[in-house]
Each structure stands twice: as structure tokens, then as C-alpha cells.
Amino acid sequence: MLVNVKGLVKRYDKLVALDYLDLQVEEGEIFGLLGPNGSGKTTAINCILSLIRYDKGSIEIFGKPMKPNAYDIKRNIGIIMQNVAVFEELTVYENIYYFCSLYIKDKIEVKRLTREAIEFVSMEDYADFYPKKLSGGLLRRLNIACGIAHKPKLIILDEPTVAVDPQSRNKILEGIKKLNAEGATIIYTSHYMEEVEQICSKIAIIDKGRVIAQGTKEELKAMISLGEKITMELYELPEKNINELKEFPGIYSVEYHENLLEIKSAKGRNNLIHILDYMAKNNIIFGKVYTELPTLNDVFLEITGKELRD
Amino acid sequence: MTVFKNYFRVLKKHLAIIIIYMVMFLGLIIMFTWNTGSKNDSFFASKVKLMVINEDTQSEFLEAFLDYLEQYAIFVEREEDEEARKNALFFREVEYILTIPEGFGEDFLNQGRMSLSKDTVPDSANAIFLDNAINNYLNIARTYIKHLPQISQEQLIKLVEATIGGQVNVKIENKLPDKISASNTFNKLFFNYLGYIIIACFVNGVSVVMFSFTVLEIRRRHVASPVSARRVGMQLILGNMAYLFCYLIIFIIAGYIMNKNRMLNTGTLLTWLNVLVFSLSCLSFSYLVGITVRSKKAIQAISTAVSLSIAFTSGIFIPQEYLAEPVLKAASFAPGYWYVKANNAIAQIISYDWTQLGKIFGYMGIQLGFAAAIMSIALLAGKRKAQKE
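If you're matching them up, the sequences are chains W and P in order. Sequence positions in the first sequence follow our numbering and run 1 to 310. Sequence positions in the second sequence follow our numbering and run 1 to 389.
If you're looking for bench data, these hints aren't it; they were derived computationally from the structure. A couple of the hints might just be wrong.
Stated by the list, open to error - Dumping the calculated EDC-like pairs for lysine to aspartate or glutamate here, alpha-carbon to alpha-carbon at most 16 Å:
id, chain 1, residue 1, chain 2, residue 2
1, W, K288, W, E258
2, W, K202, W, D13
3, P, K12, W, E119
4, W, K177, W, E29
5, W, K288, W, E236
6, P, K12, W, E29
7, P, K5, W, E94
8, P, K296, W, D128
9, P, K12, W, E89
10, P, K388, W, D13
11, P, K13, W, E29
12, P, K296, W, E89
13, P, K13, W, D128
14, P, K13, W, E94
15, P, K13, W, E88
16, P, K13, P, E60
17, W, K178, W, E119
18, P, K297, W, E88
19, P, K297, W, D13
20, P, K5, W, D22
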């Protein structure tokens, strides 16, 4: 196990930010830490990195206890903060070079790694630019380059795509996958469930400082009763038909509003055929039909009773 | 020494403003200090342009009185026309018109009440000066007449002249040889003005760099790196000290070259020591500003406000002798006041005995106290800020 967090407690006066948090990250994983804003993701990362003190619990990285003076462990960790952490006074090249040189002593090696990091984030044309001249997306890419230039074994990314345009976001996500493919273990925090679903091999859903569910996305979705969500465009649907639909086996929720019928069914049942058959028999004219599998938001909703973005 | 090197990479970006400050004020210092080359060490009485309208008959006493006035006045040819006299006053061709009325001499010798009349340029200091000279002569003469009613005019004139005596020459004596004195005076002016530049440039340099290094995200990157916080801190302190020494060496060399009477004496060395001590307190202050402010714009505002207020109240721009007591009292709560005091004391030092040196080292000690106190506050503030974040 690469990272092992056990019973982590962090309090800010009366507020419990982390409530006996447990996390286990295996080598080679992209581990997603998903939760709404204020759920404790950044606090957990700050504790893991020994940036802040915690009240209780233990953290082990690479099988050794993580402490503020555990420099051997720190040497193999790369961090990408939520806010861009670069010097305004240094160029793109100088920033990456400086942060890389904090980890690597050999100057030639630092130069090589700096060039590689610039290539990795596709910023060759901006190497001599000062951060003030870069767009938000490019700044995020620079932030990532500063964190990964020294080729760490463990990379921790704390919401690296906040306020980033879709193009840069895709580049960042592709980059993370590439880093993982090259052998780095990734811990990725976000409140964007689509991102976590897209790249993470294992996910922990966190709320109010506690892990409420942990596993692969398939395992997480298997934890809830929802199997399929069917949405139909209907101009009219009498109450009688809604009640009849509710009687169908495996269907536990039928809602009709604003010309949209939303039916939620249990997993393992092929309900769409039965519903279409019913509509035809009752001469109910319908427009488009969508079927969706449950998302991580549905998982979060079913467990906590609230939306992930509430 | 990665952090140390990066200190100067960051500083390089702010070097332009520091160099502008340095060049601008070096130019001003040259202007101010090179005008101090000629010095006056004696006083000469200036003379007033005087027109005498003597309507009295000539007497020995009046003749002696006018001879006496020659010491204080340049006699201007008499104008008979009243209008011409007024014009002469208006155009400053004459500053004082003294009218001796008919019978004044005899009346005065007989202890009468007749008086002289005058017309002067309004608010003229020279006129007051001549008033004093006239009153002085007549009052002494009146005293003798009162006590020696039978005195002859000849005797009276002799006694008054003897009482007034000869002209006193005032001369400032400087016990130091001229060259040393000139060198000390230059050093005093140069290094007093330098105080302002040090505050401005240190806040604009050290504070800005410290701000960049103590931004939360950058600090966290350092904490997460394998370089210990102590090493980062030590390298930053080293960077600050290197900046301080580079800065001082440039100005000390500049000051030494610009001093026409340059010499490497104890006074010069003491001045250099004083500027080093003052720089340490400025460094502490800049450090405090760098780790407590929230934006770089605020640093520039603080730099301007603090450097100017210290310069105007501590005696850097205006000599301490001209400043009001309450201003000096307030200024004494900043190291700039003690820096200037030490500089002035060094410039005036005659012998390097313990009494004089003790006073100077005392002023330096107070500056060191300020440096230590400000640094303690800075460290405390830094710790509290880190805990808060």
C-alpha cells in the first residue's frame, strides 16, 4: 500500500473537518477523492502532506510514517495545489527549474527534467513568458509542470481543473492519465464527478470529513438500488397512466413535470421495452427517449440525501 | 543554495525600481553635498544705505555721532525733494532716512526731549539693526550727560567711544584640521540622505521578495519539498544579508569617491558602522512588511509613506536643530532619529575618548535594539500567520 491513512481527525475549534477518515491508496492507482466543497478533501490532502497538523490518526506513505521532517518521503511526492503556486517574477522555465531543483541536485538533470516538463504540458512556446502573460488554462498547466517536473512516484492533485476552459481541462486529464501510465500513483481530488469517473480507477466519496463510500466506480454504483434512469418527452400524461406505470415491476419512481417523464428502475431489469410497449398500447405519443446508467451523483444522492453540488 | 539563488532571481525582477531610486538620489546627494564645499567661519556686519537730512547746525557731538554711524551705514547723497526721498525708499536706493531736526544737538546736550525722526523700508531688518546702533550711541551719551552735567562735547565723545569700544570680530573656531572637518561634514550629509534611500530601497527590495516567498501557495510548495523549513529560512536570511552588504558597499564606495576630502579615519569608519547598524533595523522592518502585508501594491505604498515620514521627522531631510520638540519626541520612536543623531555626533567629534564614543555607540545600540524588537515582532507575526493559514 502506497498511502495508508487511518482514523484521521482534524478539528478547527468546534468544526470537525476530518472525522476519523480512512484512505488506502495502492501503487499505480488513480485514486479519486470526490466530495462537495467543504467536505474535507483539501484538509485531508494538507494532512497527508504534513502541511498542517492533525489531532488524531496516522498517515503512512511508502510504508513509512509521514511527518514534517520525512524528507525522503517528500522527495518522491509531487503536489499540484488548488491555487496556482508560482513566482510572478520568474518565467515559465525559471519556475519549473526552481521547483525541480528543490528535489534534484544535479543541474544538468534539472535542466533536462525542466525541458521534459515543459514538453509534457505543451508549453514550449511559452517557456520565456512570465505568469502574468498566461491565460488561466496555461497557468494551471504551469502549476502542474512545477509539481511533476522531478518525476515523483506519488502525485497529489488538489482540484487542478477549477476555473479551467474545457480544452485545457481535457489536456490536464489526459496528462494525468499519461503520468499514471508512466508509473506514478495519483491522488486526485475534485468535486466534478465526471472528471473523477473519467480518470480514476478507485474513488472515495467524502462528506463532512468522512469517507462514505469507497471502491471502483462500478463498485460504488453497485452499492445503490438505482439501476437505470429513463427519461421521455411527453406532451400529455394523465394521472391514471402515471399510477399504472408505478405498478410495473422493478420501477420505484415515476415523475412527470414540464413535459418530461422520469422513471427510475432497479438494476438488473430491462424496463425500457415494457414501458415502450405500454405507451404504444395506450396510444400515448412521445418524443425523444433517453436512458442513463446511475452516476456518482446518484450514489452520493442516495447515500447522503443531497446532490453532490449542493 | 537553491533558495538563495532564487532570492536574487526574484529580486532581479524588481531591480529596475531599486536602481532608479539609487541613481535618482545619488544625483540629488551630489547636488546637495557638493555645495557644502565652501564654509563660513567668520561674520561681518553688513551696512545699511542711509540718507541723513541734517537740519541742525553742525556740532562736534553730531559730527562724532555721524562718524559712528559710518560703521553701520553707507551714506547716500541727500535728496532735497520729499517726493524724491520717497521714491528712493521705494526703489530701495536707500533703506533708512534719518532726519536730525533743527536744534537737536543743543537740546540733547541739555537733556531735552527732542527726538530724531526716521523713514524706513517697511519690515526691514536692516532698519532695526540701524535703530539699535543709533539708540545705543544716544543712550550711552545721555547716561553720561545725566551723571556729568558739566561735561564738554569733546569729553563726552571720548567717553562714548570708549564705552562702545572697538568692533568685535566673531570667528568660529574648529579644533579639527580643515580637511578632516570637511570630510566629516560631507559624510554627515551623504549618510544622512542615504538613510532615506536605504528605507525606500530595502522595503522595495527585501519586502517584495519576502512577500513572494511567503505567499501561502509558495510556502506550501516549500514545506512539501525535501528542503527543510529551517534551510529555506536560513537561505532567505542569507539572501537578505547579501543584498544588504551589496547595497552598502555600492553606497560606501560612492560616498568615498564623491567626498573631495576623502580620508579613511576613525570618523569615516564610525559612519560606515552606523549605516550598517541602521541598515539592519531597516532590514528587520522590510522583513516585517514582507511577511505581513497582503499585496505588493501595499508594499509600495508603505515604502513611500514610511521612508518619507521618517526622512522628514528624523532629521534626514530637515536638520534636527530645526525640528520642533514634539516632532523629535515622536521621531525618537524610530531608528532613523538615532541614526541621524549618531551621524551628527560622529561629524562633530573632536577627540575619540570614551565619553564621545560612548554616546555614539549608545545611539547605535538603540538602533540595534530597534532591529531586534522589529525582527521579534516579524517572527511572531510570521508564526501567527502560518498558524492561521
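P/K13 paired with P/E60 [C-alpha distance capped at 16 Å]: It is violated: about 84 Å lies between the C-alpha atoms, which goes past 16 Å.
Agreement of P/K13 and W/D128 with the hint, judged by alpha carbon distance not exceeding 16 Å: Roughly 14 Å between the alpha carbons, so the hint for P/K13 and W/D128 holds.
Restraint check for W/K288 with W/E236, where alpha carbons must lie at most 16 Å apart: holds (14 Å)
Agreement of P/K296 and W/D128 with the hint, judged by alpha carbon distance not exceeding 16 Å: violated (23 Å)
Pairwise hint evaluation, W/E119 against P/K12, where the allowed Cα distance is 16 Å at most: With Cα atoms ~27 Å apart, P/K12 and W/E119 exceed 16 Å; violated.
Holds or violated: W/K177 to W/E29, with C-alpha atoms at most 16 Å apart: holds (10 Å)
Satisfaction of hint between W/D13 and P/K297, Cα-Cα up to 16 Å: Not satisfied, since the Cα-Cα distance of roughly 34 Å exceeds 16 Å.
Proposed proximity, W/E89 with P/K296 (alpha carbon, max 16 Å): It holds: about 12 Å lies between the C-alpha atoms, which stays within 16 Å.
Restraint check for P/K13 with W/E29, where alpha carbons must lie at most 16 Å apart: Roughly 41 Å between the alpha carbons, so the hint for P/K13 and W/E29 is violated.
Restraint check for W/K288 with W/E258, where alpha carbons must lie at most 16 Å apart: Measuring from Cα to Cα gives roughly 14 Å; hence the hint holds.
Satisfaction of hint between W/D13 and W/K202, Cα-Cα up to 16 Å: At roughly 32 Å apart (the allowed maximum being 16 Å), W/D13 and W/K202 break the hint.
Pair hint P/K13 and W/E88, alpha-carbon separation not exceeding 16 Å: holds (9 Å)
In terms of the numbered hints stated before, the structure departs from hints 2, 3, 6, 8, 11, 16, 19, 20, listed from lowest to highest.
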